[in-house]
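*Asks:* Okay, here's what each chain looks like letter by letter:
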Amino acid sequence: MVPLFSAEGLSSLVFIFIVITTVLGAVIATHSERLIRAVTGLAICFIGVAGLYYYLNSPFLALMEMLIYVGAVCVTIVFAVMLADPNPKSEVGKGSIFTGPLSFSLGILLFWGLSALAGKTAWIPSSGTINDGSLEEVGRSLLTNYSMAFELISLVLLLAIIGALVLARRGRTQTGGES
Amino acid sequence: MSIPAFGDSLIIYLIIAALLFGIGFYGLVHRRTFIGMLIAGELILAGASINFMAFNRFLAPDPTVGQVFTLFIMGIAAAEAAIALSIIIAVYRNFRSIDADDVAELKG
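These protein sequences, in sequence, are chains P and R.
Residue 93 in the numbering used here sits at position 93 of the first sequence, with consecutive numbering throughout.
Going from the second sequence to the numbering used here is simple: count from 1 and add 179.
Careful: at least some of the hints might be erroneous.
Stated by the list, open to error - Covered, in the sense of this in silico footprint (three residues per stretch, anywhere, with C-beta under 8 Å from a C-beta of chain R), are these stretches of chain P: (1) 47-60; (2) 68-77; (3) 120-132.
Claimed, not checked - Listed next, with one range per pair, are the computed distances between beta-carbon atoms: (4) R/S276 - P/L67: 31 to 41 Å; (5) R/E284 - P/I36: 23 to 33 Å; (6) R/D280 - P/F104: 14 to 24 Å; (7) R/D187 - P/V23: 14 to 24 Å; (8) R/P183 - P/W123: 14 to 24 Å; (9) P/G119 - R/I255: 22 to 32 Å; (10) R/P183 - P/T144: 53 to 63 Å; (11) R/P183 - P/F104: 22 to 32 Å; (12) R/D280 - P/L83: 15 to 25 Å; (13) P/V166 - R/S181: 52 to 62 Å.
Said to hold, decoys possible - If you want the footprint, here are the derived chain R segments under chain P, 3+ residues with CB under 8 Å: (14) 198-204; (15) 226-239; (16) 253-266.
These aren't lab readings, by the way, just hints derived from the structure by calculation.
As the structure is a computational prediction, the values presented were derived from the model and not from experiment.
Beta carbons are placed, not taken as given, at the ideal position from N, Cα and C, and that holds for glycine.
When you get a sec, could you build the whole thing from the sequences and use the hints?
*Replies:* Quick look at the structure:
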């Protein structure tokens, strides 16, 4: 316990705010009727996740989260909503047994199981760190220990770009080409 | 007045990650359109990333491993979103719908 009106207490208060932002954004993202609101909830949730990364000693990843997820992924999903969902009908509600109590209880069960597992395990803290985890160290290990994965993910991104172009272009070449 | 130091315990981050994962799974089962499923999938990936970052901060002897791993998850998630959205647009062009119930015919 730390006193409320100190640096630690105020940072703890901000942490609570960030957690509430994350969870609220996630609930909006899964539960709103219109897709565009779900995307907005996703953006709010990712802003909260960026704050959590900041609390986990990694301001670089917080910036990357804002840049990639909020700035790129959410905007791309907004474009897809604009292109593919011109007249939205009701998203939740009628349907099979999966939409409704079953999915809710599945989510609750998963959450309960994972958090019970996390609470019951005796985590052994590390006795010390071999570096300070700064951006320089991240870059060094990215280019030495993980250079193979780094190259492979560049290949994956290249293939994703080409594949997205090919898939989105098909059916556009001649008019009336769709079956 | 005093308040617990929430930002300094591993279990809180793990619970938040589990909550995001559960909400994402719920959305994945519960949503009916492909874009809604994609959004829920992004939530699941965010939960996994928070888990990695929490272990990295509290348990790992090398604090760069989790950050590198989370960066890779971000790259994979971006690629996945791009591919999935172009598939969704192609599906919309063929079926005039992005509802998962409407896309129910197999044709080469």
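*Asks:* Hint compliance check: list the failing hint numbers for this structure, sorted ascending.
*Replies:* Going through the list in order, the structure violates hint 10 alone and respects the others.
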